[in-house]
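Enquirer: Use the sequences and the hints to build the structure in full.
Residues per chain, in single letters:
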Amino acid sequence: MKLYVNKSMIQLFIFLFLAAIVESYFPAWAKAEPSVPENMVLINPGGFMRGIDKEKPAEVKNRMSPAQKFNYAVSQKAFADEGPAGMIYLSAYHIDKYEVSNLQYTEFIKATDHPAPAYWDHHHLNQANQPVTGVNWYDANAYCNWANKRLPTEAEWEKAARGPAGSIYPWGNELDITKANFARGTRKVQKEEKYPATVNVDSHSEGKSYYGVYNMAGNVFEWVQDWYDPNYYTTSKEVRNPQGPAQGIKLGTTGTYIDELASGKKKVIRGGSWFAPAHSITTTHRFWNDPMNNSYGVGLGFRCARSVDNNPEMQSRSFYMDALIQMGAEKYNEALMSIDEALKINPLNKEYQSLKVMIEGQSNP
Amino acid sequence: MITARNFLHVTFILGLISTFHFSTEVHANDLIPTNRDPVEMKIIPAGEFLMGSKQAEGRADERPQRKIYMDSYAIDINEVTNERYLNFIHSTGRKESPNPYGDRLLSEETGIDSLPVVQVTWYDAVDYCRWAGKRLPTEAEWEKAARGAQGSLFPWGAQPPRTKPVNFEKNWDGTKTLWPVGSKTETSSSYGIHDMAGNVREWVQDWYAPDYYTNGPTKNPRGPRTGILKVIKGGSWHSFKSDVRSAARGKGGFALKTDGIGFRCAK
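So the sequences go chain by chain: A and B. Under my numbering, the residues of the first sequence are numbered 1 to 365, in order. Under my numbering, the residues of the second sequence are numbered 1001 to 1267, in order.
Honestly, the hints are just simulated from the structure, not real lab data. Please read all numbers here as calculations on a predicted model, not as lab measurements. Treat the hints with caution; some may be incorrect.
Simulated restraints, written as ranges between beta carbons of each label pair [said to hold, decoys possible]:
(1) 1048/B with 190/A: 30 to 36 Å
(2) 188/A with 1035/B: 38 to 44 Å
(3) 1056/B with 237/A: 30 to 36 Å
(4) 1217/B with 178/A: 21 to 27 Å
(5) 1222/B with 138/A: 22 to 28 Å
(6) 195/A with 1169/B: 57 to 63 Å
(7) 309/A with 1217/B: 51 to 57 Å
For every residue, glycine included, the Cβ atom is placed at its ideal position computed from N, Cα and C.
Expert: Spelled out as structure tokens, the structure:
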């Protein structure tokens, strides 16, 4: 009991300390970095926990129909594609606060004569502030280049959605139907609401991520830079700025015509959509689509990112801040890894050293 | 989560399997309109036409411009209307396509008989044409019918669509959005085919491949053997000028349905 009280008090202290830092430190940083582009957010350099370890679904095959068993052979690897979880370090980057809207995409089409997306003439999906829907990977990539940006990597997307404490949903760890636009493709919903569809890109501010990024869960699936390989988290040794596998793998090819279509190289899409079921909107969920396909489902869009120059002082400071946040969330192992990174860059910093002692005290009470 | 994912896969694969059933080509030896779909068709004579765009024109996937030889074929003068499509629905017992104009069933909507049908998938279009004893036109057939033998930029010639009564760059306005088929004959093609620019985009038979205008055959091209997307031609009420050009190549998955995609049949 005594220990418990102690722990809570330390946590309270950390939260207050953190609040003070966020209050005082961030505005200063914003002044020092006036170059955060409009409607983008800065994600500080630092580590985050990518992926999630899931228990293997027991006896799952026994409950399947023959058709499902056939299909299971193709996609069983994908069931485990979100693990193993591991610490990934990213340099600083900017990412769009909102999904790219129809209005923004209109400017791009007008300027470049680029062809219109698949759902351009669907009036429940094509309003100015709804996300652009029905673009393939090449369209999304071309837009970001035109805007002097690039598609985010899969890791950058996940960090922007999860925050340093690694939440399951952008807003936290509990599913909340009021915080995102998802699972509205069911018959029940379609009966209740006449025209369920995407919502404006600045909707659901209460569901934004730790970094202030909107609609990372639901609304539209978002293309990212990376090729899809269900084994990537297992096989990749890259823990700093991973760029995804060099090539997409072909999923479960058996050489038939059907498989040929279903099994080409895929790009990763993230975040679920207004139509897709609840399980697809977690921050770790990985799905895939042919890079040519502009209309797999009724919600397929994107947002862009941009690299930022990193300086070591800023980098170590942000590792330190991550460690504080992770400690507040009782994620001591992550906190220890973060503070070690800060100390690697700046080993003599007293603040960092004392935080490390504190974290070690917490993780081995 | 597993079952949901599997379900997606199974649906997708079943969808692909059904592609086979409709891939049979229907050859025209009888150009009289069928009883089921008694509408006017036009015979496009055998011969060459200019397909695709010259170096400075259009987009990379429409180049180069090549001479393509086509056997003779017949094509509907008009896009399939709601009236024709609902007739097919009722005589086959199929489920109605969604009504973009309001909450009622499409068949209960008034004043839309002569508007082109929309909200149809590529499968719906293929099924309709088969039911009517016809088939979807190939991309080359569509483009020749629109551009004539000399490869004009738009069905009526080279003048920009702003100078003609063309339904494009518009916003949705209920039953006023689409124009009745064949109502603007001054924009017809040199073969007398109506509404091949704007109003609704049209499904054609071919799979889409970005390099097909470079590598496809120069005689009766029928599209690549496989693909991910189907070609959609002609632009719609919401398209910009560059998508309304007759050589422009729209594309979408076979399950795509919008308020601006319809079709016409060939034989």
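Enquirer: Each hint should be assessed against the structure and marked as holding or not.
Expert: A quick look at each hint next to the structure:
Take residue 1048/B and residue 190/A: their Cβ atoms lie about 50 Å apart, and the range 30 to 36 Å is violated. At about 42 Å, the CB distance of residue 188/A to residue 1035/B agrees with the hint of 38 to 44 Å. For the pair residue 1056/B and residue 237/A, the supplied restraint of 30 to 36 Å is violated, since their beta-carbon distance comes to about 49 Å. At about 56 Å, the CB distance of residue 1217/B to residue 178/A disagrees with the hint of 21 to 27 Å.
Separation of residue 1222/B from residue 138/A is about 25 Å and conforms to the stated range, judged on CB atoms against 22 to 28 Å. About 24 Å separates the C-beta atoms of residue 195/A and residue 1169/B, a value inconsistent with the hinted range of 57 to 63 Å. Against the hinted window of 51 to 57 Å, the Cβ-Cβ separation of residue 309/A and residue 1217/B comes to about 52 Å, which satisfies the hint.
Figure legend: structure checked against the earlier numbered hints; hints not met, in rising order: 1, 3, 4 and 6.
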